[in-house]
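Novice: Please model the complete structure; the sequences and the hints are all you need to start from.
Chains as they are written, first to last, in the working numbering: chain A, 20 to 258; chain B, 9 to 386.
Among the hints, erroneous ones may be present.
Said to hold, decoys possible - Computed Cβ-Cβ distance ranges for the label pairs, DEER-style:
1. Ile10(B) to Lys153(A): 51 to 57 Å
2. Thr38(A) to Ile25(B): 58 to 64 Å
3. Gln354(B) to Ser61(A): 54 to 60 Å
4. Ile25(B) to Asp148(A): 37 to 43 Å
Unchecked claim - Sample of chain A residues lacking proximity to chain B, with all beta carbon distances greater than 10 Å (derived):
5. Val39
6. Asn114
7. Leu226
8. Lys227
None of these hints come from the bench; they were simulated from the model.
The beta-carbon is built from N, C-alpha and C at its ideal position, and this holds for glycine as well.
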Amino acid sequence: MTLIESKKVTKVYKLGMTTVHALRGVSSQIEKGDFIVIVGPSGSGKSTLMHILGALDKPSEGEVLIDGKKISKLDEWELAMIRRKKIGFIFQTFNLIPTLNALENVLIPTEPLDGEQEDYRERGENLLDLVGLKERMHHKPSELSGGERQRVAIARALINDPEIVFADEPTGNLDSLTGDKIINLMLNLNKEEKKTFVIVTHNQDLLKIASKKFIMKDGELSKIDRNHRVRKFTEKRTK
Amino acid sequence: MIKLSYSNLFRRKTRTIISLLAIVIGVMVIIVMVSLADGQFRDLQNAVSQVQGIRVLQKGAAGPLFSEIDMSFEQKLESVQGVKKAIGTIFQIAQTVDGEPVQFGTATVRIIGSDYSKGSFETAAGVGGEIIQGRSLKATDSGVVVVGEDFMDIYNKFLNNKVKVNGETFRIVGVYKTGSALLNSSVLMTLNDSRDVLNFSKNKTGQFSVEVDDPSQEKKIAELINLRFKNDLEATPASGFSQDFAIILDGFRLLVVAVAGISAIVAGIGIVNTMLMSVLERFKEIGSLKAGGWTNENVMKMVLFESIILGIFGGLIGIILGVGLSLYISFLSGLKVFISEILLIQVFLFSVSIGLFAGLYPAYMASKMDPVEALRVE
Ligand SMILES: Nc1ncnc2c1ncn2[C@@H]1O[C@H](COP(=O)(O)OP(=O)(O)O)[C@@H](O)[C@H]1O
Ligand SMILES: [Mg+2]
Numbered sequence: 020m021t022l023i024e025s026k027k028v029t030k031v032y033k034l035g036m037t038t039v040h041a042l043r044g045v046s047s048q049i050e051k052g053d054f055i056v057i058v059g060p061s062g063s064g065k066s067t068l069m070h071i072l073g074a075l076d077k078p079s080e081g082e083v084l085i086d087g088k089k090i091s092k093l094d095e096w097e098l099a100m101i102r103r104k105k106i107g108f109i110f111q112t113f114n115l116i117p118t119l120n121a122l123e124n125v126l127i128p129t130e131p132l133d134g135e136q137e138d139y140r141e142r143g144e145n146l147l148d149l150v151g152l153k154e155r156m157h158h159k160p161s162e163l164s165g166g167e168r169q170r171v172a173i174a175r176a177l178i179n180d181p182e183i184v185f186a187d188e189p190t191g192n193l194d195s196l197t198g199d200k201i202i203n204l205m206l207n208l209n210k211e212e213k214k215t216f217v218i219v220t221h222n223q224d225l226l227k228i229a230s231k232k233f234i235m236k237d238g239e240l241s242k243i244d245r246n247h248r249v250r251k252f253t254e255k256r257t258k
Numbered sequence: 009m010i011k012l013s014y015s016n017l018f019r020r021k022t023r024t025i026i027s028l029l030a031i032v033i034g035v036m037v038i039i040v041m042v043s044l045a046d047g048q049f050r051d052l053q054n055a056v057s058q059v060q061g062i063r064v065l066q067k068g069a070a071g072p073l074f075s076e077i078d079m080s081f082e083q084k085l086e087s088v089q090g091v092k093k094a095i096g097t098i099f100q101i102a103q104t105v106d107g108e109p110v111q112f113g114t115a116t117v118r119i120i121g122s123d124y125s126k127g128s129f130e131t132a133a134g135v136g137g138e139i140i141q142g143r144s145l146k147a148t149d150s151g152v153v154v155v156g157e158d159f160m161d162i163y164n165k166f167l168n169n170k171v172k173v174n175g176e177t178f179r180i181v182g183v184y185k186t187g188s189a190l191l192n193s194s195v196l197m198t199l200n201d202s203r204d205v206l207n208f209s210k211n212k213t214g215q216f217s218v219e220v221d222d223p224s225q226e227k228k229i230a231e232l233i234n235l236r237f238k239n240d241l242e243a244t245p246a247s248g249f250s251q252d253f254a255i256i257l258d259g260f261r262l263l264v265v266a267v268a269g270i271s272a273i274v275a276g277i278g279i280v281n282t283m284l285m286s287v288l289e290r291f292k293e294i295g296s297l298k299a300g301g302w303t304n305e306n307v308m309k310m311v312l313f314e315s316i317i318l319g320i321f322g323g324l325i326g327i328i329l330g331v332g333l334s335l336y337i338s339f340l341s342g343l344k345v346f347i348s349e350i351l352l353i354q355v356f357l358f359s360v361s362i363g364l365f366a367g368l369y370p371a372y373m374a375s376k377m378d379p380v381e382a383l384r385v386e
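Specialist: Right under this line is the structure:
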């Protein structure tokens, strides 16, 4: 089942006289249950694509369909509703609120919702348990390690039970051991909770575990088949 | 959401406290000013309501202190139908007591000279009250005074002591007391003595206190006097006195409104500034809220709550401190204060609405922040 589809999506930024082509006609499909890894150098357009696929931004040209709905037709409020119900985001810098404890941070996306705060609370506690932070629920971000903070962010991304989670360089601020643990956690969530993941990263090692692999270069997205494209990518990097 | 807004305010405590301070001070000043003014007004109203009769001043005089009337009007006034008697009274503020200049303010010493051949103490003093030590004055007295109990305290006097008023020496033969703190430091003397002290000639008085046969007719008789002596005199029924005070107090209220306006602007700018800074600082965080499904309205609400909470806290703290300060001032100075519930409610709503209005622009700014821009890693 296709969750999100992009058709010839371009994104152009105009900065005074210069124009930046961040995306040059990206077509892609995200299926339910995918564990997609997109690699590519810095500035190649990975974040831009992720924001557009995640209904946070709109393409300059082309179309994005979420559950078959064209997002170019939606207004800001409708986009927010899509993000609220279907999409979770994880960032390199965690973006937790420093005055709130782990559980309160996880519950942040439910703040605007009506309904039983107790139910959300229970769900938040379960999610923190799931990411291995049961004991540290009431700690502030400043009392947590980088890996623990990212676990909180993962739980927060899952609080509204989204179909798909976008992670932008989720291990970028973590040492490799902690980073591996975070990736493993996402893999488990993919396998056991059937969550769809799209992970954007510099780290090519992650390609090994991906169900679908892509490379982003100069605003173009290409599918990697193991023997051919990866090599090309590596050639470029070592040159 | 409210809890979140509340906790957001505690991130930058100093900044929050500074913007609170502006509201707190504004609210405090308003409460102190209004409660003191209302206290004085009630005090004077109480005093004045004890007085009956009609006050007759020189036409065009700005008040009792500036009035001078020929004694020949005494008979003319008494010939007006319904008038029982017209009592010559001189009303002035003393310049020196025992050689020391008299301060203007709460301890203002008023000299009240009256024609005691015609009136009881209460009417003659023009203030109401009772003798608590010694005796009242007689028309034949000379060189003696009756003073208010506060006067005794301030100048440390005992009955039968001497006192110099505007350079003339008097003996204190009586002490009176009224319900109004403002009127308890006057010096009462005979009309003749007051003429000497205040340099009035023998055939002049400052004003007439007119007593009527039927108090319910006061207003009519005052109109009659005004008609008959329209070139020379101006009569006001006692019930109208309080209107004088009301007019003064209205002026004062305007001042309060001005102060309120200024503090609204100062506090408002403070909050706008605080909220804008805090919103800009949280650019990234707000982007992440939007990524998590918050709508622009949700973000707006969060920021608005923050500034409204500032208004609520500023109001509450300001009210507590303002009421405390008013009571303290009253305790120190002996001035009465009157703190009405309406004042407190108005002041509270005032500070909450400062919070609301000052939050509008920062809230709008926050809601318009582009999440994509916010989430770009620098
Ligand atoms: N708001 C913007 N204004 C101008 N240029 C932008 C903006 N956002 C992204 N870009 C440019 O678009 C390109 C792709 O950026 P990005 O998607 O962040 O790449 P990546 O995530 O792969 O590092 C870069 O050249 C970047 O400078
Ligand atoms: Mg990026």
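Novice: Could you run down the list of hints and mark each one as holding or not?
Specialist: Structure-based check of each hint:
no., hint, in the structure
1, Ile10(B) to Lys153(A): 51 to 57 Å, "28 Å, violated"
2, Thr38(A) to Ile25(B): 58 to 64 Å, "47 Å, violated"
3, Gln354(B) to Ser61(A): 54 to 60 Å, "59 Å, holds"
4, Ile25(B) to Asp148(A): 37 to 43 Å, "39 Å, holds"
5, Val39, "12 Å, holds"
6, Asn114, "4 Å, violated"
7, Leu226, "22 Å, holds"
8, Lys227, "25 Å, holds"
In summary, the structure is inconsistent with hints 1, 2, 6 from the numbered list given earlier, while agreeing with the others.
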